[in-house]
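Student: Sequence:
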Amino acid sequence: MESSPYPARLDQLSPPHSLPENTWETDMSRPTPSSDVHNAGEDAMPLPQRLAKIAHMISQNADVSSEDTTTVHHCLNTLEALLDPRPKLTQEVVKCRPTRIYPETSHPVASAASCSVPMEDRGSSAFEPSSSQLIALLNEVTALNVDLDQRRKESSQIYDLLKRECQGLSRRISELENEVHELETDIMEGSAEREALHGTVCGLEAWVNGWQNERKLGASRQNKAKRWMRRKPEERYESDAEALLEGITAWMRGWKDVEEGFRVRERDRQDRREERQRRTRLATDPADNT
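Quick note on numbering: the sequence shown equals residues 1 to 290 in the UniProt record's numbering.
One or more hints might be untrue.
Stated by the list, open to error - Computed beta-carbon distance windows for the label pairs:
hint, residue 1, residue 2, range
1, A192, R172, 22 to 32 Å
2, A283, E246, 55 to 65 Å
3, G199, E246, 38 to 48 Å
4, F262, R172, 52 to 62 Å
5, K163, M188, 33 to 43 Å
6, A241, T200, 15 to 25 Å
It should be emphasised that the hints constitute simulated quantities derived from the structure, not laboratory data. Yeah, the Cβ is synthetic: ideal placement off N, Cα and C, and Gly gets one too.
All chains, full assembly: derive it from the sequences and hints.
Tutor: In structure tokens form, the structure reads like this:
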């Protein structure tokens with residue numbers, strides 16, 4: 001019966017040196033269908049279970065050569081580099097760490113960072129932007145900065161314009177308030193003037209009515225006493241006309257006083273209006289102030 005070149009236990013690790021050279025090369029270059037099925041099953045197995053299985057296989061197989069141990073350590077270093085969540089920190093730590101030498105082989109074994117560097121470089125190079133992309137990004141940021149500066153200048157100009165408009169409106173509102181106050185004063189003065197005119201006219205009317213009543217009363221007394229005055233009609237008419245004329249003259253003097261007060265107040269109102277209009281023109285056109 002011909003002996004098989006493969007190990008007796010297939011579930012143990014098969015070192016490369018324990019197999020014939022031609023068989024190893026054949027298996028690596030052209031895998032058999034059974035090995036394909038085996039690899040598919042191993043790939044479907046979760047990683048923790050597979051690592052536990054490998055650890056169990058290594059613990060069961062104590063006859064491992066130094067070359068195979070070195071190969072396994074290299075594979076483990078690669079695996080650690082793949083699973084390391086902080087490859088950069090590990091790389092910096094390993095730079096300060098001396099090279100490990102295993103007593104079984106007396107050969108220095110590269111650390112996990114040495115294997116992780118090429119893979120990290122490959123990963124970083126895949127996501128590292130090119131210089132053209134960086135230049136394009138810089139141009140976009142520069143254009144955005146220019147646009148923001150332009151918008152800021154426009155906003156500042158709009159703010160200054162609105163501020164001037166608000167100041168002008170505030171001045172206009174203050175002027176209108178003063179004008180309203182002056183108009184209220186004019187209304188009060190106008191009411192006082194109307195009252196004065198009404199009082200003057202009423203005074204004249206009362207004096208005329210009193211004069212007429214007094215004249216009628218004097219005539220009636222003379223009729224009752226039958227004391228006819230031996231005077232000429234012309235003298236009686238002259239005395240009545242003189243009394244009426246004196247009364248009207250006195251009323252006219254009072255009217256002139258009232259009229260003079262009207263004129264003074266009207267001049268004051270006109271002066272206030274002109275002063276208000278002058279202030280409005282100066283506020284509207286500052287060039288006139290120079």
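Student: Run the structure past the numbered hints and jot down the numbers of the failing ones, going up.
Tutor: 3, 4
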